[in-house]
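These protein sequence lines are chains A and B, in that order.
Read in order, the letters of the first sequence are residues 1 to 595 in the working numbering.
Read in order, the letters of the second sequence are residues 1001 to 1359 in the working numbering.
Rather than coming from a laboratory, the hints here were simulated on the basis of the structure.
Mixed in with the good hints, there may be bad ones.
As the list claims (entries may be wrong) - Output of the computed footprint for chain B on chain A, the stretches with three or more beta carbons under 8 Å from beta carbons of chain B:
1. 312–324
2. 517–527
Stated by the list, open to error - Listed below are several chain B residues computed to face chain A (Cβ distance under 7 Å; list not exhaustive):
3. Leu-1010
4. Leu-1089
5. Ser-1093
6. Thr-1137
7. Gly-1151
8. Trp-1155
9. Leu-1242
10. Arg-1251
11. Asn-1255
12. Ile-1291
13. Leu-1317
14. Asn-1319
Every residue, glycine too, gets a C-beta built ideally from N, C-alpha and C.
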Amino acid sequence: MSAHADTHDAHDDHHHKETFITKYIFSQDHKMIAKQYLITGTIMGVIGVMMSLMMRMQIAWPEEPNVIFKALLGKWAPEGVMDADIYLALVTIHGTIMVFFVLTAGLSGTFSNLLIPLQIGARDMASGFLNMVSYWLFFISSVIMVLSFFVEAGPAAAGWTIYPPLSALPLAQGGSGTGMTMWLVSMAIFIASSLLGSLNYVVTVINLRTKGMSMTRLPLTIWAFFVTAIIGIISFPVLLSAALLLIMDRSFGTSFFLSDIFIQGEVLHYQGGSPVLFEHLFWFLGHPEVYIVLLPALGITSEIIATNSRKPIFGYRAMIASILAIAFLSTIVWGHHMFISGMNPFLGSVFTFTTLLIAIPSAVKAFNYITTLWKGNLQMNPAMLFSIGLVSTFITGGLTGIILGDSALDINVHDTYFVVAHFHLVMGISALYGMFAGIYHWFPKMFGRMLNKNLGYVHFWVTAICAYGVFFPMHFIGMAGLPRRYYTNSAFPLFDDLQDVNVVITLFALIGGVFQLVFLYNFFSSMFYGKKATQNPWRSTTMEWTTPVEHVHGNWPGAIPEVHRWAYDYSKPGHDEDFVSQIVPLKDGEEELQH
Amino acid sequence: MTALLSILVLVFILVAIWQMVKIFDLTQSVSAGGNNQIANDKDNKINGYLMLGFLIFIYVITIMCFAMYGDLPLMSNSASEHGPDIDSLMIISMIVIFFVQTITQFLLHYFAFKYKGEKGKKALFYADNNKLEAIWTIIPVIVLAGLIIKGLFTWTTIMNVSTENDPLVIELYAQQFNWKARYAGEDNALGKANVRLIDIDRANILGLDESDPYAQDDIITTELHLPVGRPVLFKMRSQDVLHSAYMPHFRAQMNCVPGMITQFGFTPTVTTAEMRETPEMIDKVSNINKIRVEKSKALIAKGEEGLERYEFDYLLLCNKICGKSHYNMQMKIIVETQEEYEAWLKTQKVFKNSLVENN
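Based on the provided sequences and hints, a complete structural model is requested.
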């Protein structure tokens, strides 16, 4: 069905008549699958953000009955006062949805699918069928995750890290019953989806590049997606094994993670296991996961900053090197989540060392972005604003990593709001900005129409101010010792003086959250009524803009163009235009930069 | 109600903005002969200036946060021997961060303002410079090397608890949702224990081995009293799920893991009474009490009970998600003189006398 590499001529495919189902539902076309990922991811994003707003309202006004809780939480908020169990469930499902369903599947799934074939010059993914299966597994896992909210005893509530024994024992917590089973099943399916997707991306990038598209001519987006997929393939199976072992412990009486437990008046039979083992397995995925979320966003940003600065990205090779360095280091730093887990302090020293090393490639990337702006001719499109915003939050959030990665300092700020502030800025907000930037930039490619730029500006500026307004003060309440995941702080008069900060944070969160409606409105209305896009609206060099605006199966109506130069010939001296597409042959005597 | 009102107000603002943007769009498409939704010089200019404004916003919020919350007593007044080491490392790291943050945010936003696009301008084709790359690889390497070395020295000193200076051995025992402390008694050696030996009927709540001679003089309490100036070695246990013993004033934290014993040691240096008398703490407490008086008024007006007056105490908090009442799993810590400590300890029952005989 799909336009495979072996059918060199896309016209062959037009003999099949596409039905509604094969075109919009069980589609094997990477462009349609990208849209499916995007829309599913957006819906999950709305759910995830609504949960965070409810948590913020609970923290700011803990005793007050709230009609919103009453309407949305039903039996979990009798008289409109939120129940402590459901607060932890919100914490858990918000984290899970945002990290996996929005920022992994929604971000990577959308843009890897859309851009890999288009930017490397391929007719489609290596396997359109696997790609379709990957999306539908993701869809099923999303549905299961959302449905877990309707379980009698409540959804999983042990935090997105689901540390056993809390997650293993229904006696410890209502959510650790059927809710946790659904969480585990959903995640197992999600991991299968993610692995199928990642394998497909890697194979496609290696095998299906068009003539002339050498690895060092690839846009940085593709490098980022490619390396992200490799990290995913290395680390996701480890989480799958952890989830399976946890299922064994929960349902089949094994003791991988459990030992010597006395709960609710009875001694359980478990003996010899260790929760610390689970922590190792979890974070062996959990930390690379941060980069699985972040690298695609950085790749998107590289592309958008270069295009809108009308300048080549500064230090193309250094950017690739730092992506590879980050990917390698990301697999040997997981222990910094476990400095005080009871593991040997010597291991803590090792992980401090590797963790702080990762700051070096990150710094190189940040400086290269800044230098790319220098002496540019910056086109302030909404995508560009979000990209600059990403660099800003990436720096602010990344810097506090120096404190958290330092085992001695981590003792005192571990699991406080300092951590919440750090990771939300450096991976949450940054990756979300990357996703928004990508949507604003490639919306014309996806839907053939433009997003409204003025709504885009409003969206960006309010979001940018609110993001700092929410997460910057959080560092300080964290340093004042306020633990995270507390349903209310009113049990500790010690923290009473932090309550007004918490109210301010909540107000910023509400404003920022509600203003995402501007984006949603823009997104859905522009899809149908937006200004019609031209073929290359941002005057970009990469190959996706050489395809027609109207999608065709196989991407290019004729033969796939050949590539003659790298992806960043912006404002190159000797050319009239300030960009030269990758498919334009070198002029006589013109040299390709050795990058 | 507050929340609902705030959201309603936001929605109205949103509608207003939507309408304004619509009008703005219409005027643009009339005046500029069609709005193609791509940034023009005017957009570049406005957003360039906004970038500069945003830089100021970042600086202002930084200064405000430092001025208002930068000297919270928890950050400055540590009450353990190793506390000042952590605090000084923290301050050094903060200075480095502050410095880098100020400069990089300036460059980023200033460039975004300075080089905002104009029609007809051409950007500089500048793709690479190995010297620059080397500079900003090497500078972070040097700075981080310094931080790593200092950090690791601090870490090793804190974590390698030596038993040579005769530390007071105390077990911290965690369960959903409270803490217990077990003092080792005269022999300063904890008796063997396992949750399998818990016998609620005999009030053997921590599962001590009743036949172990070391266990006989152990003392189980619900408050943690520490003599000032004496090293303490905590042995942590949990009976059900993961907990984390967080003692922020002492810059101490360690997880309690079912099935294993974890440890953390520190020397308290400031008694509770002394801490209450420090000027920072007096300020903090009076501020908190002002807030509590206000809250009490509101509560009493509603016909509920008012809040108690707050008095400072060191606390042990649970800092690892452990279930429904995680937010209220705490134990009071009292640091006192050796004499006060001994006097208190005498009032507590030793293990062998606390057991209930059941016939």
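- Structure-inconsistent hints, enumerated in ascending order: none
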